[in-house]
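> The two chains are supplied separately, each in an independent frame; assemble them into the complex guided by the hints.
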Amino acid sequence: MALHDQEMRFVYAETLNELMAENPKVLCLEADLSKATGTNPRVIEPNPSHFVNFGVAEANMVSAAAGLASEGKIPFAATFTCFASRRVYDQITISVAYANNNVKIVGTSPGVTAGPNGGTHMCFQDLAIMRAMPNMHVYSPCDAYELQAVVRYMATTEQPTYMQLVRGQVGAVFDESVTFSPDRAAKLRDGSDVTLVSTGYMTQFAVGVAETLAAEGIAVDLLHYPSVKPFDADTLVASASKTGGVVTVENQNIVGGLGGAVCEVLSEQCPTRVKRLGVPDQFGEVASEDYLFEKHGFGPAHIAAACRELAGKENA
Amino acid sequence: MYGDGKDIDVKDTFERVEFDRLAGEWRYVITDMICRAGSGHLGGALSLVEVVLTLYKRVMRYDPANPKWEDRDRLVLSKGHAAPVLYVALAYEGFFPKDWLGTLNADGTKLPSHADERFVPGVDMTTGSLGQGLSCACGAALAAKMDGKPHTVFCIIGDGESNEGQNWEAGMFAAHNNLDNLVAICDYNKLQIDGFTEDVLDLEPLADKWRAFGWEVMEVDGHDWDALYETLTAAQAVTGRPTMILAHTIKGKGNLAVENRPGSHNIKIPDQAAYEKYMNALAVQNCTLPY
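Residue numbers (the working numbering), protein chains in the order written: chain A, 81 to 396; chain B, 7 to 297.
The reader is advised that the hints may include incorrect statements.
[What the hints assert, rightly or not] The list that follows gives simulated cross-link-like pairs (lysine to any residue, SDA-like), each with its CA atoms no further than 20 Å apart:
1. B/Lys283 / B/Leu295
2. B/Lys151 / A/Thr315
3. B/Lys116 / A/Asn197
4. B/Lys155 / A/Pro104
[To be verified] Residues on chain A that point at chain B, a partial pick, calculated with CB under 8 Å:
5. Asp112
6. Ala137
7. Ala139
8. Asn140
9. Ser143
10. Ala144
11. Ala145
12. Glu151
13. Tyr178
14. Asn180
15. Asn197
16. Pro214
None of these hints come from the bench; they were simulated from the model. Every residue gets a Cβ at the ideal spot worked out from N, C-alpha and C, and that includes glycine.
Excised from the complex, chain B in its bound form (with noise of 0.2 Å):
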């Protein structure tokens, strides 16, 4: 939530109908951001749909109208191929036009597939190359503590990107350095590119992972606007450690074409075919889009 000046605070508005419909209309947005597009990440942005609602109406603090304000709370969406998530929750609190959002992966677009700090106002590090994030998540954290500001440095990572060496190098380092300030979120959906984590390379025991890392972890049922609350604000009071948030999620949520499927992590649509089944498969219909 936000204000527009220095004594900008969370400003809890939360109304599970208003949230609920939230949601519907965000998952509406993004299938047809992507499907316009012709392709796109689907599956890994439908599952964050609560996570980045939660942070960005009941969590962070923020101004839509400074988006490089020094005492905002920061998100790094590591799994940056999540962007239209991203951009649907800065359009929609006001960082940039929503007539934007029609405009994802288009020619001289501003809204590339992969989260961009260059060309998105609200976006706070470009990513991509999976694994990165986490370590550039730990490197805001650690200027914060420097500078001796209160604010923390949310960062999301999936659960496919955990095969990435570097998140256990910024792991170490996080624990060591007591970065509490930073929250990281496990998008842990249970897919990735090739088919389940258990079977492409199992993740399991996450948790005692992370742990075993000298991390706080905490796990939430990644679609329960209450639990997200709790476990977000709980981690946030967390001192001494960096946390963990293993949040279980459901790839591909709320559109049947892709929920929990092998193969939603990307789609294509070269055809009206296509374009209309993905929406068709939605559960959440007949959205105004704001484009």
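Just chain A, with the same shape it has in the complex (with noise of 0.2 Å):
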């Protein structure tokens, strides 16, 4: 079965089992949400001495990685974003990125994707404020295999890290043959009409939309990054001084995420007008996602009409 008829945390779940089976450093720790993250029974069944549920204790989760990575350990800990990124932000910030630990904090049901959760699950800023945090690499892949091959890299690589994990089955963009490094964009599309930049759960939109404006005469140069940060700015910059203008979408807050992190490359590098596609400074709610991108303009058809205009073509 090809990796994209499978929901990602699923994927997740079976890499973490390769990566066991080659290094037993590597373990997987959860705060009780281990069904909602693919690890149980998936993980725990084959490797139950690899995996450690910590209940609902996300803080101790967190130090407690770093101890364990200090002796050496591979520590994936996983829990939904909200708890991954801003109910941790300090043991994060202390114990693993300023004590240099080698943790890997996967945050699960990003932005939209949180759904039936509501307003207090659904967090949209962790790319941002992960990003704010020194000693730090944020990556969002897009689909199945990327997420395989940023799990791998991850587990080879001394480097505290904070992934976003969405939990659910995703369009494809890439196939087996995808690599992933920090350092690099993906240019998924080649054009010289507008640059459309996307990252994680969005990338798949963008793929379609790209394919949409094709049609139309508009030729998308389509850049995905599955690293926030670090942050390629050398093929953004290139890509603006191309197109002359910018759109970015992510499943995240307009404010410190993808979004952010163009503007601050661009208005230093290359002045470029940008539009900031995602949520406008506000709070989730219980909703669909297709609730939600209209609500909030980030959707497909928000998306393009977003590229017709920083493209000059809004009557195509």
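The following block contains the structure:
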């Protein structure tokens, strides 16, 4: 079965199993959400001695992960994004990033994908706040194959890291040939009319938008950023200097995340008009994805409209 | 104590007169270090002198020439603001030159105010944000269990620090996972920044709380050499559950300007008069500074 036919959380779990077979230092840490993360029973059954459940105690999980990492273990600690980032921000800051312990934080159900759990669980700020932390890498893979590559990379590098994990099935962007480097954005489509920049969950939609626009005669330069930090500035600057207009889209608040990173780079290196799409500095709510895309203006139709505008082809 | 290879074992060379002398010297050096820095956490460093000295002289196995020796005993100083007493212990045991001690908090120093494993040989965990160290120690103890290693992970927490809820998350976790290689010591000096612990946020009945969390609990006079040694080694022998040692101590012990005084958590030394006030208040005088 192709990875695209599977839920992302199951790809995460199976990738951990493969890594544990290669390196017994790899550990799976959970905080009473192991079924939601997909690691129960998929990891706990074949690898019970590499699985630790901390209960509903995320602070202890993160600092204990730091203690495990200081002893050479490679802990992947997962919970919902809201708890994996904002609830344990100080634990990650001090026990992990400041102390430079090799912990991998996995935030599941990012942004609108938290759907039925609603506003309390719908975290739109994790990319921004984790990006503002020194010594942290921040990744958001867009599909199952890239997820596999990113998790493999994380297990084989000594670097405190935060990764978003969409739990459900995601549209295909890559195939098994994909490789990952945090220093490199993926150019998914060449175009000269407008630059479209996306990360994580939104990239699958960006691909479809770029195809639609191509049929209209608008050539999109499509950049996917699996790593929001470090951020590949060169690829962005080269694209912006070619197209003269940049649209960003992310499953996050437009403050401080991918759009923020793009604006920081361009304002200093290549002043360019930018349109940021995402959640306009509001909390989430119980709602469907389509409802939230429509309400906040970052679904496929909105992405297409923004690209047309910045390409100067609004009447195409 | 230490040796120079895999056969390292504790070499207990207790002599009461020598330990008393060393404790006085350490308090003299700690007070001077903090005074030179212009400010610092004096009270909670002085209360731990006998605990830390006993750990390094009689209980823990380590190798100053190989600070990351994998079979060493670990110490997580969760109340990281007491770093000066740990730095003195490490310097006196040979982990780094004693003249570093004169650089506490100086610009570009290797000895920052809170314990830092990134710069200081022998520090096993970076701490400073209260409540996290016991969790870190749980992780280190769990790793030792996974790897079948027999070493002990010691962790020193503060009594004020015990207000932090994360300690109690760690408490549940350590008992649930039978981390009998984890020995925690609470520096129970009864004072926190804003006053006496019973007035700010009462911890009592503290021993009962830890017992209820599934820990073996021991209480000890934290300035009594014999009792400390017996309690620490007894804690290492406990099987099946972690141990919490409530070390009853006196904040600011050995320096009458701060001893058992609210306000002794962090002192400011703006001028020579303040420096002399704190140095002259030491019970032991005229030690030689090693820097």
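> Compare the structure with each hint and give your call.
A quick look at each hint next to the structure:
Pair hint B/Lys283 plus B/Leu295 holds up; C-alpha atoms about 18 Å apart against a cutoff of 20 Å. A C-alpha spacing of about 47 Å is found between B/Lys151 and A/Thr315, which places the hinted pair above 20 Å, so the restraint is violated. For the given pair, B/Lys116 sits about 47 Å from A/Asn197 by alpha-carbon distance, which is inconsistent with the 20 Å threshold. With a C-alpha separation of about 16 Å, the suggested pair B/Lys155 and A/Pro104 falls inside the 20 Å cut-off, and the hint holds.
Taken as an interface hint, A/Asp112 does not check out: its beta carbon lies about 12 Å from the nearest beta carbon of chain B, beyond 8 Å. About 4 Å separates the beta-carbon of A/Ala137 from the nearest beta-carbon of chain B, less than 8 Å, and the hint is met. The interface hint given for A/Ala139 is met, as the beta carbon of that residue sits about 4 Å from the closest beta carbon of chain B, less than 8 Å. The criterion of a C-beta within 8 Å of any C-beta in chain B is met by A/Asn140, whose closest approach is roughly 4 Å, and the hint holds.
With its C-beta approaching chain B no nearer than about 3 Å, A/Ser143 sits inside the 8 Å limit, and its interface hint holds. Evaluation of the A/Ala144 hint against chain B yields a held restraint, the C-beta minimum of about 4 Å falling below 8 Å. Among the interface hints, the one on A/Ala145 holds; its C-beta lies about 6 Å from the nearest C-beta in chain B, closer than the 8 Å criterion. About 4 Å separates the beta-carbon of A/Glu151 from the nearest beta-carbon of chain B, less than 8 Å, and the hint is met.
Because the smallest distance between the Cβ of A/Tyr178 and any Cβ of chain B comes to about 6 Å, under 8 Å, the interface hint for this residue holds. Annotation: interface hint on A/Asn180 holds; nearest CB of chain B at approximately 6 Å, less than 8 Å. Below 8 Å, beta-carbon pairs count as interface contacts, and A/Asn197 has none with chain B, the closest being about 22 Å; its hint is therefore violated. Hint status for A/Pro214 relative to chain B: violated, with the closest Cβ pair at about 13 Å, above 8 Å.
Against the hints set out earlier in the document, violations occur for numbers 2, 3, 5, 15 and 16.
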